[in-house]
Every structure is written in structure tokens, then in C-alpha cells.
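Asks: Spelled out, the chains give:
Protein chains: 2
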Amino acid sequence: MQSELTEKILAGDVRAAARLMRGIEDDSPGAIDELKNLYAHTGRSYIVGITGAPGVGKSTLLDALITSFRQRKLTIGVVAVDPTSPYSGGALLGDRIRMANHTLDKEVFIRSLASRGWSGGLARATLSFIHVLDAMGKDLILVEAVGSGQGEVDIGRMADTTIVVLSPGAGDEIQMMKAGILEAADIFVINKADKEGAENLRIQLEQVLSLAPHSSYDWKSPILLTAVINRIGIEEVTQAIFDHKQYLISTMKIEQRRKQRAMFELIEVIEHSLRTKINNILKAKDFQDLGEKLAVKQIDPYSAAENMMGTTLSRNQTTHRQRK
Amino acid sequence: MQSELTEKILAGDVRAAARLMRGIEDDSPGAIDELKNLYAHTGRSYIVGITGAPGVGKSTLLDALITSFRQRKLTIGVVAVDPTSPYSGGALLGDRIRMANHTLDKEVFIRSLASRGWSGGLARATLSFIHVLDAMGKDLILVEAVGSGQGEVDIGRMADTTIVVLSPGAGDEIQMMKAGILEAADIFVINKADKEGAENLRIQLEQVLSLAPHSSYDWKSPILLTAVINRIGIEEVTQAIFDHKQYLISTMKIEQRRKQRAMFELIEVIEHSLRTKINNILKAKDFQDLGEKLAVKQIDPYSAAENMMGTTLSRNQTTHRQRK
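Chains as they are written, first to last, in the working numbering: chain A, 18 to 341; chain B, 18 to 341.
Next up, chain A with everything else stripped away, as it sits in the complex (with noise of 0.2 Å):
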């Protein structure tokens, strides 16, 4: 069964993006419903993820390769997901004015992830709000997130294309190589090119990544210097993102990705909805009595977890429901 507002957005319409990735944001079961919906119309859209530590200039690279995919008539989503990003409302006037180039383009549409205060299922969110991006008919989504090796959202396991970007001075490119950022990389991208330290950080990147053990995995992420600021080396952080996209179609290796990203997803869902019954459980008028009858030994600690999950932990009860 479709939904009206399932039908709007799978025509592109806005509004009702908008209104179902609020719903996404607030948890709200009908946002699952819609999602149910949708979830069959998506897979079209190719993702690229852009991930860094604060301040290396993913906003501004991001910003670039939208005006790029834009000369070539693709239409866009973005997800910011980074608290620093302008898109999310965390940088400088100066910034938010620059982005808002693309707001009034009807072919990109944006929408930030508030990532700040969220007790968890920000990867869920992200993902949800890719499949409504994905259902609108997007060519290309665009997903920005920190990263920094400190358990942000791991941009590696949604997009097709990962995008990590770095530049000279930044000094967090050892936490980024312990948490693992590098290995998720298809593309590097060294930013700032042209201050002091670019070309010492591509040597050392190199380095690192010959030590590497080598996959089956035979794309060889190439290394792109960029000053983005100035719009140099934007081409061919584009056409690498093609190249990638051919390589993975060319090798089928596109199919595992997705399908890998579908099991992540699944577990997420499943993290996130118990997580939200723990919430719940905690919030629970009656769950403050309880301690006091748990006190006196009214009642055992299992028995009250029980009662408030609506499940058996124990085998007794098993029993005692096959006997009636």
C-alpha cells in the first residue's frame, strides 16, 4: 500500500522530504512506516561519502563538487552529519552564506542531522534520510561526517565512494590511521595544497599505505591534492569519484557493498529499537516504585525486569505457559 506521502516523495517533492525526515529525527513510528514504503524504490542513487577531522575543508570540497556535478546535470542530496558542517548550522556566517548558493538550486537538496545530543542511532538516521534522498530520485547523495577516530558515524559502511579527506598541520592523520578512517578510504583527498606540509603528508599517507596488507580488493586509492579555496584540483577529485564508480560496477564488487550496507543497516535497526526500549523502560513512571519493592524483596530483580520488557528471562515461566 502507498502512501500519500510516500507517492510525493518518490515525485520529488520537498515538502514532503522534509516533513518524513522530521519524522525520521523524532523516531516516530509512522517515519518507519514511510520508510517500509519507500525502502523498494531506493537503490539508485550513488553515495559518496566525505569524512575528516574538523577544520580539514570538507564543507568547502563538498560545496565545490556539487558545483561540479552540477555542469554535469546530476541532481543532488546532501546529509551533513558533521556538527562542525555550515549545513548543520555550526560554522561561521561567512560559510552558511557561501552554501546557501545551492539552496536555491531546486535540483540539490540538503538537510543536516542534528548530531549533537543524540544518545545513538545517528548511523540509522543517516541512512534513513539517504533512502528518502535516494526515493526523491537523486543521481548522486552526498554524505558529510566528522571523522576523527573518536566513534562518529562510519561513513565507510553507507557510500559507495569514500571520500577522506586530510590537509597539512591538521596532526590528527595518526588518530585517523589507529581508528581505522584510512583503510575505509577510496579516495584521499590532501587539502590545502598549497600550504606548507602538503606534499611531506602525501609522502608520509604513501608510506603508510604501502605498509598496508594488501586486500583482494584491487582499486588503489589514489592520492589528490587540492586547494580547494582557490578550485584547484576539484576535476579530478570528480573524476576519480566516476573512476571508482566504474570500477565498482566493472568488478560487480558494488553488489557486496550494498549488500553489506543493508546488513549494517539491519543491525543498526535492531541496535537503535532496543536502545529506544531501554529509554523507555527507564522513563517509566512505575520503574521508580520498583526500587523500593525491590528493596524490601517484594519482588526479585528478574521478575521486575519481566514485567517491564513484557518477555520471559527465565525458564519457569516457559514451563508454566506450555503446562496451561
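For the record, the hints were derived by calculation from the structure and aren't laboratory data. You may find that some hints are simply not true.
Pairs count within a copy or across copies, as identical chains cannot be separated in the list.
Claimed, not checked - List of simulated lysine-lysine pairs, BS3-like, C-alpha gap at most 25 Å:
hint, residue 1, residue 2
1, K310, K300
2, K310, K212
3, K123, K314
4, K276, K294
5, K300, K276
6, K276, K302
7, K276, K237
8, K314, K262
9, K310, K276
10, K276, K314
11, K262, K90
12, K237, K262
13, K310, K262
14, K90, K123
15, K212, K25
Note that this is a predicted model, so its numbers are computed, not measured.
Chain B: place on chain A using the hints.
Replies: Relative to the frame of chain A, chain B by itself:
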């Protein structure tokens, strides 16, 4: 309904208790049944937690306290959660032989909890072990748990009296302060007081404590200096435990602590059972097959999660049910 095992444990049977503890470690549903039976018979033991960084001398202090309590004819249960504890088999042979003294004493029942490799549920298992010893009729239960601020078992939430052991030169005082372990202390023990730096550590600790915001809780945690290996200061620690017990009873704060502990256990039980649920789902055979189905959009991740969890995430299904 009282089971045979429960009755044996209530009669103080060591083999029966050991059997249930194995069941707890194996996470068997049968063990939960027994714990439900036992729970009403618990709450008589006094629980003392001993925590501190590895190498400060927790186990030797524990050993000395057991001797001291036995001289007072008190029966003792011990739960060693510390993986470096000789009770858990983590230390030198010499330590293990020394500890073996008490294993010949029928009134001292010592069990270790293997904390290595546990994905979680350690607090729940520790509390369950405490309940078993409590039901056996032990006067005192001593829980030894490593605490270096790395997310170990939160002993302060389980014990009536918490002893934090420090030693000069261990160098982890600041980490413990960060981790809030100092706040949990009812008694401080600076062990190896014959070593250089002990007096300095005491002064430093007093300064930190004087800076801490004063709570309504008007017990002033004493700082005791010991040299356990030379049996110096043990009686003072024993006396401080009795003083603190007397304080908790006379101010009725013991009920408050026990209520908080009961609620902590309830949360742990809920978290642990949800965690187990996730693990079972991920191990399920059909989980791998789902990846294929998801990738080709034969099913959506929300419906797949609902199938695996046997619950409803969306609104639609509830509505359908109501319509029936």
C-alpha cells in the same frame, strides 16, 4: 516454590552454591529461576567492596581482612572480579598459595568471576554471586574489583562500604579522580605506607577531598595508612568498616543505598538481556540470508528487524492488529 538447589544453598551447601554460580556464568535460564527463588532470602549480609588500580595490594588487604573478620567469628563470602587477583588465577604462584590459607576454612567461601572476554553483564553476574553468598548466610561479603578508571565493574554501586586502595608510586591517582572512583570511597587505604611517597599521597588526597563539593552525606571518609604485608594498620581498617556500617544503620542511609543498588541491578538485568537478544540475533543462521534479500529490496530493514525480534517497530502493524 522452593527448589532443591535453593534449599541446599539456604542451608549453606557449598557445592550447590558453586553449581548455581556456574549457571550464572553460563547465563543459563535455569540459574535465573533459582535467583528468583533466592532473592527473598537475601539482604542480611553486609557487603564490602575493595577497589583500586592493579598492584596497589587489594588482594593482600583482602586476605588480611578475612583473617581479622574470622578472629571475630564472622562468616565470609568473597567475590573476586579482578582479573589480576590471585583468586582469579591471575597472579604469581606465591600469592595463590598464601590465599589458599582460607580455602581450608569452611566459613570462608571464595569465588572468582572470570572478567576476561566477557562482553558485558559483569555487574549483573557480580550481584548474582553476592545474592548466592547472601542466601548462604554469610555475615560479610567482600568484593574485590580492579578499578583504574577504565570502565570496570562499578563497585561503589554494589557495596555497603567501599574501600579504595591506593599506594605510593602507582601513579594512577589522577585517573581515578577523573573516573569518579574517589567519590565512591567510604574508606581510603594508602597501602605500602612504609614506602617513600605515602605521606605525600595522603596530603595530596586530603587536598583533593577538601576541594570536593560537600554533599548532604556527612560521613567523612577516613584515610588509613597500612603496610599490609607487615600486618600494619589492618585493625584500623576493620574498625573503620564497622564504624561505617554503624553510621549507615544509625542514619538509616543503609536502606537508601540498598534501594539504589536494587535499581542498579534491575537496569543491569534489563541491559544484559537486551544485549543477549542482539547477540542471538546476530548469530542466527537466517541473518546472513537476510543480507541478500535486503540488497535486492525483497524486504526492508525495519520489517526484517521486526521479524527477527518478534516485535513491532512501526505504527501500521499495530493498527492492523486493532482492526482485527
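Asks: Compare the structure with the hints numbered earlier in the document and write down the numbers of the violated ones, lowest to highest.
Replies: Violated hints: 2, 3, 15; rest satisfied.
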